[in-house]
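Okay, here's what each chain looks like letter by letter:
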Amino acid sequence: QLQLQESGPGLVKPSETLSLTCTVSGDSISSSNPYWGWIRQPPGKGLEWIGTIFYSGSTYHNPSLKGRVTSSVDTSKNQFSLKLNSVTAADTALYYCVRLVLSGFWSGTVDHWGQGTQVTVSS
Amino acid sequence: DIQMTQSPSSLSASVGDRVTITCRASQTIGTYLNWYQQRPGKAPKLLIYAASSLQSGVPSRFSGSGSVTDFTLSISNLQPEDFATYYCQQSYSTVTFGGGTKVEIK
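Chains as they are written, first to last, in the numbering used here: chain A, 1 to 123; chain B, 1 to 106.
Chain A with its partners taken away, still in its complex shape (with noise of 0.2 Å):
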C-alpha cells in the first residue's frame, strides 16, 4: 500500500529556507502514476496547491509563491522535495505531500496524501 511521509523541521526563521522531504513507500515513484506535489493549508484555512513535479524531476509550481519555490525528486532514495525560500510568517501552514493521478496541465486527482507536517515561521 502506497505511503507517503513529511519530514524536516517543523521551526522555520523569517527570510529562511523551508525544507521538507516526503519519502514514498510502497510503490517506485517512478511508477505508472508518477506525479507528485505539495499542498498546503494554513492554520483554520483551506488547501492550496504549491507545486507538481514529474518523477524526472521536470515541476511546475503555483504562480502565486512568486518563484520562491524549487522541488527535486530523488528516485534512488524513492523521495522528492520542496524548498521555499525567503519564508514569512504567511507560510506558516500544515504542508502535505501527495500523489497525483495526472488528468490536465500538470494537474490531477490527489488520490494518495502524506500526514502532514506542520510548519510554523517564527523567530
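I should point out that these hints are in silico values taken from the structure, not numbers from a laboratory.
Wrong hints could be hidden among the right ones.
[Said to hold, decoys possible] Partial pick of chain B residues on the chain A-facing surface, computed with a CB cut under 10 Å: (1) 34; (2) 38; (3) 49; (4) 52; (5) 55; (6) 84; (7) 87; (8) 95; (9) 99.
[Stated by the list, open to error] Below 25 Å or equal to it, Euclidean Cα-Cα: the simulated SDA-like pairs (lysine to any residue) are: (10) B:42 <-> A:112; (11) A:83 <-> B:43; (12) B:42 <-> A:33; (13) B:102 <-> A:42; (14) A:45 <-> B:60; (15) A:45 <-> B:5; (16) A:66 <-> B:2; (17) A:45 <-> B:85; (18) A:45 <-> B:38; (19) B:45 <-> A:66; (20) B:42 <-> A:92; (21) B:42 <-> A:66; (22) B:45 <-> A:60.
Backbone N, C-alpha and C fix where the C-beta goes; we use that ideal spot for every residue, glycine too.
Fit chain B to the known structure of chain A by using the hints.
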C-alpha cells in the same frame, strides 16, 4: 488561474438528512472536478473524482454530479462520521481548491 467557488461555506444538518454542496468554476473544466472530505486533524480523503465517479471504498451515500462549470456533491442519509469539511478541486489546469464547506451537527 481557474477559481473555484463553493457554497455554502458551512451548514448545519442532522443525522439522516440529505445535504448538497455546490462548486462553481470560473471557466469551463469539463468534468475535471474532484471532491475531498477532511475530518479534523486528518489529511483530506478523496471521495469523488471526474465529477461523478465514486472512489473505491467510499460509501454510496456520497454522489457527485455536474459538468462544465457547475457541480454538486450530495450526501444522503448523513452519518455521524460525515460531519467534516468538504473541498472541491479542479484538475483541468494546475490545481485549485474551493474554499471548503463545513458540515456541522444541528
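Straight-line alpha-carbon gap residue 42 of chain B to residue 66 of chain A, limit 25 Å: The hint is violated at about 29 Å.
Agreement of residue 42 of chain B and residue 92 of chain A with the hint, judged by alpha carbon distance not exceeding 25 Å: holds, 17 Å
Hint consistency between residue 45 of chain A and residue 38 of chain B [alpha-carbon to alpha-carbon, up to 25 Å]: holds, 12 Å
Hint check: 10 Å Cβ-Cβ cutoff, residue 55 of chain B to chain A: holds, 8 Å
Agreement of residue 83 of chain A and residue 43 of chain B with the hint, judged by alpha carbon distance not exceeding 25 Å: holds, 21 Å
25 Å limit on alpha-carbon distance, applied to hinted pair residue 45 of chain A and residue 85 of chain B: Roughly 11 Å separates the two Cα atoms, so the pair holds.
25 Å Cα cutoff - pair residue 45 of chain A, residue 5 of chain B: Since the Cα atoms of residue 45 of chain A and residue 5 of chain B sit roughly 15 Å apart, the hinted pair holds (cutoff 25 Å).
Residue hint residue 38 of chain B, partner chain A, criterion CB-CB below 10 Å: Result: holds, 8 Å to nearest chain A Cβ.
Supplied contact hint for residue 87 of chain B, tested at 10 Å Cβ to chain A: holds, 6 Å
Agreement of hint residue 52 of chain B with chain A interface, Cβ distance less than 10 Å: With Cβ-Cβ at 13 Å, over 10 Å, it is violated.
Chain A contact restraint for residue 99 of chain B - C-beta distance below 10 Å: holds, 5 Å
Per-residue hint verdict: residue 95 of chain B, partner chain A, C-beta under 10 Å: Interface hint status for residue 95 of chain B: holds (4 Å vs cutoff 10 Å).
Checked against the numbered hints listed earlier, the structure breaks hints 4, 6, 14, 19 and 21; every other hint is satisfied.
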